[in-house]
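Based on the hints, put chain B in the right spot on chain A.
There are 2 protein chains.
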Amino acid sequence: MKHFTFFLVAVATIAGLVALIAPAPGHADGEPAPIFVTEIPHGYRDWRWISSAHEAGNLNSLGAVLGNDVAINAYREGKLPFPDGTIIAALHYRYVPSDENNKVFGQAQSFVPGAPTNIQFMVKDSTKYAATGGWGFAHFADGKPGDAAFMKSCFPCHEKAKATDLVFTRYAP
Amino acid sequence: MKHFTFFLVAVATIAGLVALIAPAPGHADGEPAPIFVTEIPHGYRDWRWISSAHEAGNLNSLGAVLGNDVAINAYREGKLPFPDGTIIAALHYRYVPSDENNKVFGQAQSFVPGAPTNIQFMVKDSTKYAATGGWGFAHFADGKPGDAAFMKSCFPCHEKAKATDLVFTRYAP
Chain A
1 MKHFTFFLVA VATIAGLVAL IAPAPGHADG EPAPIFVTEI PHGYRDWRWI SSAHEAGNLN
61 SLGAVLGNDV AINAYREGKL PFPDGTIIAA LHYRYVPSDE NNKVFGQAQS FVPGAPTNIQ
121 FMVKDSTKYA ATGGWGFAHF ADGKPGDAAF MKSCFPCHEK AKATDLVFTR YAP
Chain B
1 MKHFTFFLVA VATIAGLVAL IAPAPGHADG EPAPIFVTEI PHGYRDWRWI SSAHEAGNLN
61 SLGAVLGNDV AINAYREGKL PFPDGTIIAA LHYRYVPSDE NNKVFGQAQS FVPGAPTNIQ
121 FMVKDSTKYA ATGGWGFAHF ADGKPGDAAF MKSCFPCHEK AKATDLVFTR YAP
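As you go down the protein sequences, you meet chains A and B in turn. Counting from 1, one number per residue, gives the positions in the first sequence under my numbering. Counting from 1, one number per residue, gives the positions in the second sequence under my numbering.
Keep in mind that the hints were calculated from the coordinates and are not lab data. Any given hint might turn out to be false.
Identical copies look the same in the list; a pair holds intra-copy or inter-copy alike.
Distance condition first, Cα-Cα at most 27 Å in a straight line; then the derived BS3-like pairs of lysine-lysine [to be verified]:
no. : residue 1 : residue 2
1   : K128      : K103
2   : K144      : K79
3   : K144      : K103
4   : K152      : K103
5   : K162      : K128
6   : K79       : K103
Only chain A is shown next, with the shape it has when bound in the complex:
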């Protein structure tokens, strides 16, 4: 009986998940459609700082990674996987030299955020985003979400950071 109940719960859970993730349009290959975050999380610019990063090369980006309270607490406590409710925001800007700083230094050495390029989010909801490791991914440029083809590339890349629950950024002390 016990086993049967467990089985029912398990089946119901799976059925529920399938219901949540399956509805989208054609999936001839049987793969559930990934769900992406299409609204900018409220108040993210007031969140606390997790770390900064410079991506050279084509990205040519300088930015910051911020986290809501759930994210910050999880980072500080070393809690893995990140709990549901975690939201991590990556704010990206062009990596540009600061002419005014360089004048003070007397040499070209200072680089600062230039024009904003995009904002990306990872939203943890292990039920809603079960098909993508419990994370919903988001990308906004000029306030507009990335298209489906672009968004499909988030999970396969983040999946490589399995040891840290798909999150690349470490907390800067």
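Here is chain B on its own, set in the frame of chain A:
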């Protein structure tokens, strides 16, 4: 704020030499003694993010500038000069490549904060710090404040940013 370390080092060296040959304490020239901030402001790691910066060259630094509520409000409202109570924090780390990110990217392009190097603060109190443009300057490495010779170099460098009330860092949107 973030950029004065290099300048500080250069000036501190000169100032150190001068200190060796000059009678230290007295202020025969009538100049008031600069006062420096010698305690780390409480809770700064929870403050909101103003901007990030990379200083190349000798500094080899990647960091973030955070602000307390007074600072953030002043930045957002474009309020100049910054009101009393403003505190701006610059958190500096070694600028290091991220091997794990680069593996994912397939090329060396990702740079992140390494070991912490120092934390610097600007504290606005137009009465207490009247002799240095209303700002008290602070520098901490391993929790220890910079010595007087080192600290004397802060104001002459920040004075070059008169148009923005001695603050170099701009708010990243």
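**OP:** Would you list, in rising numerical order, the hints stated earlier that this structure does not obey?
**Re:** Going through the list in order, the structure violates hints 1, 2 and 3 and respects the others.
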